[in-house]
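Going by the numbering used here, the residue at position 86 of the sequence shown is 93; the numbering climbs one at a time, nothing skipped.
Worth double-checking, as some hints may not be accurate.
Stated by the list, open to error - If you anchor each label on the Cβ, the simulated ranges turn out as follows: (1) Val32 with Leu184: 33 to 39 Å; (2) Tyr146 with Leu59: 31 to 37 Å; (3) Tyr62 with Gly98: 39 to 45 Å; (4) Gly98 with Ile158: 42 to 48 Å; (5) Thr142 with Pro118: 32 to 38 Å.
Hints listed in this document are in silico derivations from the structure and should not be mistaken for laboratory results.
Note that the coordinates shown come from a computational prediction; the quantities given were computed from them, not determined experimentally.
Where is the CB? At the ideal position from N, CA and C, for every residue including glycine.
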Amino acid sequence: MEDMGISLITNPQASEAAGKFVTLVVTAASMSLAFTLIPLFPFPLPFIVAALVAYATYRNPPIGAFTGSMIILLGLFYHLSRIGFFELFPGPWMRLLAMIILVVPFFILPPMLTTNISIIAMDIGILAVSLLFFTDTFYLAVPLILIFATIYNRRGIIVTISYYASISLPLQLMQYLKTFSVGVPPPLYAPLNIIFVDIQ
8 MEDMGISLIT NPQASEAAGK FVTLVVTAAS MSLAFTLIPL FPFPLPFIVA ALVAYATYRN
68 PPIGAFTGSM IILLGLFYHL SRIGFFELFP GPWMRLLAMI ILVVPFFILP PMLTTNISII
128 AMDIGILAVS LLFFTDTFYL AVPLILIFAT IYNRRGIIVT ISYYASISLP LQLMQYLKTF
188 SVGVPPPLYA PLNIIFVDIQ
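Go ahead and model the full structure; you've got the sequences and the hints to work with.
This is the structure we're talking about:
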């Protein structure tokens with residue numbers, strides 16, 4: 008065991024292989040949660056598709072990240088449309104603008120994700136959103152992002168925040184409108200447990 012640890016430090020190829028394996032596992036976990044919590048496929052397809060996306064990311068990070076991002080985007084679009092998110096915007100041009108703003112990060116970011124750290128940065132953003140869906144874990148979302156930023160010296164933090172914001176903000180807005188009360192300001196940090204019921 009000690010020899011293995013030494014080899015990971017002294018052998019760049021072994022270290023790279025270990026990093027890719029960790030990235031594979033973290034990506035499989037984050038995609039499984041995303042495809043389950045924002046479902047587009049019937050059970051158990053989310054886990055099978057997540058494994059395929061993780062493997063694609065292992066083989067070709069930008070292609071795998073793009074594929075996973077597109078599946079999340081389609082699921083998000085489907086559920087936002089179903090619960091009336093885009094109807095909030097007056098007129099077709101405003102709706103189109105809202106759709107473009109929602110889509111842009113999922114198209115721009117994946118081609119830039121070429122390293123293990125950048126892929127894990129994406130995964131952390133997705134995992135942080137997943138924590139928001141439950142009242143027992145939502146408060147861990149921001150600390151998770153901060154811990155990642157601290158450990159990796161803020162590398163990839165823009166990717167993490169972009170994925171976190173792109174997925175969570177529309178859902179936060181919809182939940183606020185469902186629970187709107189006159190004189191009550193929107194919460195800055197709240198669980199998505201109410202909207203979670205709607206999208207399941």
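Hints, verified against the model:
The beta-carbon spacing between valine 32 and leucine 184, approximately 37 Å, falls within the hinted interval of 33 to 39 Å. Range check, tyrosine 146 to leucine 59: about 32 Å between beta-carbon atoms, so the 31 to 37 Å window is met. A beta carbon spacing of about 43 Å between tyrosine 62 and glycine 98 agrees with the range 39 to 45 Å that was offered as a hint. At about 45 Å, the CB distance of glycine 98 to isoleucine 158 agrees with the hint of 42 to 48 Å.
Distance hint for threonine 142 and proline 118: a CB-CB separation of about 36 Å, consistent with the stated range 32 to 38 Å.
Hint compliance for this structure: every hint is met.
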